[in-house]
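One line per chain: the protein sequences are A and B, in this order. Heads up: the first sequence begins at 65 in our numbering, then just goes up one per residue. Heads up: the second sequence begins at 6 in our numbering, then just goes up one per residue.
FYI, nobody ran anything at the bench for these hints, they're computed from the structure. By construction, the Cβ of each residue, glycine as well, lies at the ideal position given by its N, Cα and C atoms. Some hints could be false.
Said to hold, decoys possible - Below are the EDC-like pairs computed for lysine to aspartate or glutamate, each with C-alpha atoms no more than 16 Å apart in a straight line:
no., chain 1, residue 1, chain 2, residue 2
1, B, LYS44, B, GLU90
2, A, LYS339, A, ASP159
3, B, LYS469, B, ASP419
4, B, LYS460, B, ASP419
5, A, LYS86, B, GLU446
6, B, LYS167, B, ASP9
7, B, LYS470, B, GLU525
8, B, LYS430, A, ASP82
9, B, LYS560, B, GLU577
10, A, LYS339, B, GLU177
11, B, LYS469, B, GLU529
12, B, LYS253, A, GLU344
13, B, LYS430, A, GLU344
14, B, LYS132, B, GLU90
15, B, LYS444, B, GLU409
Claimed, not checked - Not everything, but these chain A residues come out facing chain B in the computed CB check (under 8 Å):
no., residue
16, GLY112
17, TYR137
18, PHE139
19, ARG145
20, ALA156
21, GLY299
22, HIS300
23, GLN342
24, ALA349
25, ARG352
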Amino acid sequence: MDCTTTNAPAERKFTAKDYDSKLRPIWCPGCGDYGVLQSLYRALASIGRPPHEIAFISGIGCSSRIPGYTTAYGFNSVHGRALPIAQGVKLANPDLLVLVAGGDGDGFSIGGGHVAHAIRRNCDLTYIVMDNQVYGLTKGQLSPTSPRGLKTITSPYGSFEEPINPLLYVLAYGAGFVAQGTPADMPGLTALIEEAIRYPGFAFVNIQSPCVTFGEDDQQLRAHKAKMQKLDTLGHDPSNLLAALDRARAYGTELHTGVFYRNPEPPPTYEALVKLRQAELAKSAKPRSQVLEAFVQR
Amino acid sequence: MANDLIIGMAGSGGDGVVSAGESLLAAVSSAGYHALMTKSFGSQIRGGESSCRVRVRTDRVQNPGGELDVAFALNWDDFFKFGAELPLAEHTVLLHEEEAGPPPATLAQRGPIPREIVSVPVTRLAKESAGTEKAKTTIVLGLLSGWFGIPAAGIEKGLAKKFGSKGEGLLEANQRALAAGIEFARTHPLRHAEPLSPPAAPKGTKLLCDGNDLCAAGALYAGCEFFSGYPITPSTEVMQALTRDLWKYGGTVLQAEDEIAGIGAALGASFAGRKSMTATSGPGLALKTEILGLATIAELPLVVLDVQRGGPSTGIPTKPEQSDLFQACFSAHGDVLRPVLAPTTVADTFRITIEAFNIAEHYQTPVLLLSDQEIAQRKETVDPIDTRAFTIETRRRPSGAELEPYLRFRLTPDGISPISHPGMKGGNYQGAGIEHNEKGEPTASGAWHAKMNAKRFDKLDPLKKRRDLFEVQGDPTAPIALISWGSSAGVAREAFELATNRGLAVKLLVPYLLYPIAEEVYAEFFASVEAGLVLELSHQGQLYRILRMHVDVPKGVVPFARSGANPFRPSEVLARLESLAKAKDTACAASGRKGA
Chain A
65 MDCTTTNAPA
75 ERKFTAKDYD
85 SKLRPIWCPG
95 CGDYGVLQSL
105 YRALASIGRP
115 PHEIAFISGI
125 GCSSRIPGYT
135 TAYGFNSVHG
145 RALPIAQGVK
155 LANPDLLVLV
165 AGGDGDGFSI
175 GGGHVAHAIR
185 RNCDLTYIVM
195 DNQVYGLTKG
205 QLSPTSPRGL
215 KTITSPYGSF
225 EEPINPLLYV
235 LAYGAGFVAQ
245 GTPADMPGLT
255 ALIEEAIRYP
265 GFAFVNIQSP
275 CVTFGEDDQQ
285 LRAHKAKMQK
295 LDTLGHDPSN
305 LLAALDRARA
315 YGTELHTGVF
325 YRNPEPPPTY
335 EALVKLRQAE
345 LAKSAKPRSQ
355 VLEAFVQR
Chain B
6 MANDLIIGMA
16 GSGGDGVVSA
26 GESLLAAVSS
36 AGYHALMTKS
46 FGSQIRGGES
56 SCRVRVRTDR
66 VQNPGGELDV
76 AFALNWDDFF
86 KFGAELPLAE
96 HTVLLHEEEA
106 GPPPATLAQR
116 GPIPREIVSV
126 PVTRLAKESA
136 GTEKAKTTIV
146 LGLLSGWFGI
156 PAAGIEKGLA
166 KKFGSKGEGL
176 LEANQRALAA
186 GIEFARTHPL
196 RHAEPLSPPA
206 APKGTKLLCD
216 GNDLCAAGAL
226 YAGCEFFSGY
236 PITPSTEVMQ
246 ALTRDLWKYG
256 GTVLQAEDEI
266 AGIGAALGAS
276 FAGRKSMTAT
286 SGPGLALKTE
296 ILGLATIAEL
306 PLVVLDVQRG
316 GPSTGIPTKP
326 EQSDLFQACF
336 SAHGDVLRPV
346 LAPTTVADTF
356 RITIEAFNIA
366 EHYQTPVLLL
376 SDQEIAQRKE
386 TVDPIDTRAF
396 TIETRRRPSG
406 AELEPYLRFR
416 LTPDGISPIS
426 HPGMKGGNYQ
436 GAGIEHNEKG
446 EPTASGAWHA
456 KMNAKRFDKL
466 DPLKKRRDLF
476 EVQGDPTAPI
486 ALISWGSSAG
496 VAREAFELAT
506 NRGLAVKLLV
516 PYLLYPIAEE
526 VYAEFFASVE
536 AGLVLELSHQ
546 GQLYRILRMH
556 VDVPKGVVPF
566 ARSGANPFRP
576 SEVLARLESL
586 AKAKDTACAA
596 SGRKGA
């Protein structure tokens with residue numbers, strides 16, 4: 065293939081602008097996703113892979129429009145299925161840098177069943193969830209991360225359900241890289257996205273991305289700035305899984321940003337194992353034109 | 006001497022009935038006969054009752070046939086559980102295990118009483134000759150060899166293959182059991198046994214396989230590079246075969262977490278530029294429907310195999326039915342046209358699978374490949390296939406000039422836009438389920454929506470001209486028509502031959518392309534037709550109804566359709582054709598015109 069691997073030196077220097085498609089986003093003015101997009105441009109420039117070697121897969125929702133605002137190959141697919149499609153892309157061409165994005169509904173409600181399997185399969189993907197605790201595109205219904213008691217148009221008297229905790233969810237299934245950021249801290253978010261991309265395996269970044277139209281006041285950037293606590297200033301050791309699980313329990317009450325967990329000994333990726341098997345079995349390959357010979361009755 | 010012999014056996018799980026059927030099939034095929042075997046089980050995971058039927062012919066065998074010539078009951082309870090699969094006739098020779106006792110009185114309620122019913126001490130013979138009752142099925146093989154001329158050499162070869170590696174003692178014991186069976190047959194001649202004639206063609210190398218085998222082989226031959234799917238009866242063997250072999254060619258197989266992820270990953274691989282496939286059965290196809298729509302609007306090649314079984318819902322997972330045709334053609338949100346192809350035999354599953362890949366790649370569309378449990382899982386002799394006859398197509402890539410600028414959904418005269426893939430410099434685009442303009446940018450414009458819908462429909466028009474995707478036989482002016490598809494077409498072909506041999510003016514149409522409907526092909530075919538049958542294994546007759554949507558079907562053409570797990574028999578189709586011909590003649594005589 066005409067692709068280099070993720071960490072190979074770039075053929076030339078790229079800047080954030082090289083990843084900007086100049087298509088005007090449909091997002092509301094002030095939406096947190098603008099900040100996510102800018103951070104992503106910068107992280108990609110820092111990684112330095114040319115846009116045509118990047119495949120950016122998303123589901124459906126406000127945030128899932130994000131691939132179209134980049135110059136990468138994008139695929140704005142169907143609701144909840146970005147992860148299976150992205151794994152197909154990665155396995156079809158492991159040399160590609162594959163990004164996956166979506167919202168909290170896409171990832172943890174309609175597509176929630178795929179997350180566990182993407183994690184245990186461990187393809188080298190970076191999964192970015194823009195978590196705003198509400199369904200914005202459909203104009204303000206409950207989401208799987210909405211706090212208990214939240215009043216929305218589908219919960220006019222308050223919700224009865226506990227929210228999903230995305231951080232605990234992915235840690236429990238064994239994700240090798242788990243981080244949380246907010247566009248209230250753009251340099252921090254850029255660094256997290258870059259680190260997630262560089263992690264050799266399934267990497268998850270939960271981004272608290274405020275919905276300015278349907279979100280609560282305490283979920284807006286101003287509130288983030290006030291309550292945000294960087295994990296590295298709290299003495300958190302990201303190689304300690306139990307400490308990560310403990311910190312992750314505060315999801316929904318406190319806003320911890322940074323790397324919760326980074327597996328110090330990343331296991332082999334699925335595609336690496338695929339390559340080994342292909343190499344091992346290639347020796348026993350007969351030409352495709354002889355596939356029928358296995359059935360010849362002698 | 007017989008040139009067609011249908012043998013059915015049933016017993017309990019431990020009796021080895023299916024294994025005996027396989028030995029029989031291998032023996033006759035190595036002797037140069039054409040043969041096929043279907044098997045049927047109770048719903049138990051292990052054990053329970055099992056049955057098989059083997060049809061042996063001196064020339065081409067097209068379907069499992071009708072009533073049995075020879076029936077073997079190792080016990081009556083199990084035998085009677087397979088009433089539909091093992092029908093008896095007056096001419097049947099009914100053999101049974103002595104220990105099972107004479108046939109119960111209820112035999113008479115199950116149809117005609119066979120004219121010859123013979124009790125054989127199978128278990129005793131096994132114990133005496135081999136020292137174990139496990140050799141019962143070898144005794145049965147010996148009896149069939151002795152009475153019906155199944156070549157013993159082929160059976161011996163099979164025994165050597167099966168038991169050769171398990172120690173001398175075991176092989177010798179089975180050889181003694183075989184001899185004992187043959188000897189019993191010699192000393193106890195049947196009144197009505199008609200032994201097989203020698204095979205028509207000289208012994209040649211044949212393939213012995215089932216439809217799922219040849220679907221996987223066709224996928225490999227067509228250049229499939231990626232498969233992902235979720236296990237579901239009766240399609241799973243395709244995934245099993247590919248997961249054994251695809252890696253060897255640099256491909257990848259993914260057992261997905263569910264049906265949706267199965268098609269999702271396959272579509273992702275296609276987006277990334279690989280020839281890709283998924284496989285399922287009816288309930289799984291229902292789950293895949295949303296992503297099928299995505300494949301249509303994103304114009305991505307994808308082969309989706311549906312091995313049909315009895316439905317709806319879990320239905321009868323182990324029996325054939327042709328009731329997913331509506332789902333294959335119409336399960337869609339929005340205006341969708343997708344090609345639907347159906348093989349009709351084990352052998353043509355290879356060709357039609359390659360065709361599915363070629364059409365998917367050429368037209369940048371998902372293609373539904375509709376097999377069914379019978380051809381997918383029945384094992385049969387297949388004449389050698391000359392693979393050089395097939396061309397392999399790949400998707401049209403953009404040239405250098407077409408990349409400046411690159412319009413992924415460029416409106417071209419044939420509606421096919423050059424397609425790039427991630428990794429190709431200059432080909433960057435946004436694939437999407439959202440409606441788009443030529444560049445791939447999202448749009449809510451009605452004008453673009455209309456243009457793109459037209460593009461996605463019109464690009465498939467040339468398929469309707471593909472005469473090679475239709476089999477037409479018989480006198481073009483014949484007034485009686487027989488139309489069938491999928492596994493039922495094998496019965497239709499035999500009924501057509503029988504009818505033609507009896508001097509009936511019948512013609513046959515078997516479409517391999519089920520959708521889009523090739524209006525011209527049908528109009529031409531129906532031009533001379535006054536009456537006819539559309540033969541298909543579904544309660545409502547789905548092809549018949551689709552034809553009524555699209556073409557002027559002559560009034561006298563009626564469905565001959567019934568629920569799955571009730572296989573058609575050539576003789577009953579012949580009878581229906583004869584009565585159609587007779588009714589037509591009567592009507593013609595009554596109106597004073599000359600009948601055909």
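Go through the numbered hints given earlier and state which of them the structure violates, listing their numbers in rising order. Checked against the structure, the hints that fail are numbers 6, 9, 10, 13, 14, 16, 21, 22, while the rest are satisfied.
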